[in-house]
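Residues are numbered in my numbering as their position in the sequence shown, beginning at 1, plus a constant of 95.
Quick caveat, the hints were computed from the structure, so don't treat them as lab data. Here the structure is a predicted model, which is why all the values come from computation and not from measurement. Note that the Cβ used here is the ideal one computed from N, Cα and C, for glycine as well. Treat the hints with care, as some may be off.
[Unchecked claim] Below, a list of computed lysine-lysine pairs in the DSSO-like style, where the Cα atoms sit at most 30 Å apart: (1) Lys-226 / Lys-262; (2) Lys-262 / Lys-281; (3) Lys-219 / Lys-262.
[Said to hold, decoys possible] Label pairs and their computed distance ranges (CB to CB): (4) Glu-252 / Asp-380: 42 to 50 Å; (5) Trp-208 / Arg-156: 36 to 44 Å; (6) Gly-261 / Gly-113: 30 to 38 Å; (7) Pro-189 / Glu-114: 16 to 24 Å; (8) Asn-201 / Asp-380: 29 to 37 Å; (9) Pro-205 / Gly-107: 35 to 43 Å; (10) Gly-107 / Thr-209: 22 to 30 Å; (11) Gly-204 / Gly-388: 37 to 45 Å; (12) Arg-232 / Ser-363: 28 to 36 Å.
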Amino acid sequence: MNKKELSANAAGDILLGGEIVVQRLGFGAMRLTGEGIWGRFANKARQSMTRILLGALAVLRRAVELDINFIDTADSYGPNISEELIAEALFPYPAGLVIATKGGWNRPGPNQWTHDATPAHLRKAVEGSLKRLRLDRIDVYQLHIPDPVVSLEASVETLAQLRNEGKIRLVALSNVTQEHIERARKIVPIVSVQNRYSFADREWDYVVDYCVRNGIAFIPWFPLGAGKVAGEVLNQIAETQHASPTQVALAWLLRRSPMMLPIPGTSSIEHLEQNVAAASLRLADEDYRKLSGVSALAAAR
């Protein structure tokens, strides 16, 4: 596919909460931060901070050029860095661009995450995200993860209140079970769920199916899976498709469910363009079945 023809439009679109239409291939902005999801990105060549910053901004701008109109981030990415970069690169935002962010973690240091989904913390987190993203209202706000020492109801009720106050448009969840979703939906409509999921990691299959039945978008993270068996099958199909393994894995996700909204992230324009090209990749039925069976095959070995 010619670079000029690259477009996330090829993935089709999805309706969030009956209100917002976005392309079914988004961009995850976590990888624009540094090692340990901390600070700004720095590569092995030790580029100057100016070049690093310009590279991150260029990736975000290229994503929008490729018709991606759903960007996923969180206040904990950096912390704060990812949100700041999005605003610096894209504000004033083009019409139709949806930025989804999250709250519910504290970040003591690189690769360190501590729960905090208390009402007070979530209110502070939303206010901080609004300021960093230069928004009056966040289109999609996700509880990053349920807090084991705070009731889910208390956390979700806070987000519902912030929605009523006009600071959040739509409420969403991340890292949750079906029970969590059902409890949350008794308080406020839930428009999306973001869990770890791939062709080789099917733990949340039942949540994907629940989301389909209830018109809830499912946002998979870590879409490549892992393990020897998964890699062998993925590489074999990628070779026959003349595609990259990442592209094949993304194509499987897009076919798995009409409510699937992958958000592959990268700090490279080249990889970004490769990911968007996956929107046009159509898997043969046999290849789709092989990938779908990888999880069970790996478990049997």
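Enumerated hints in conflict with the structure, sorted upward:
Violated: hints 5, 6, 8 and 10.
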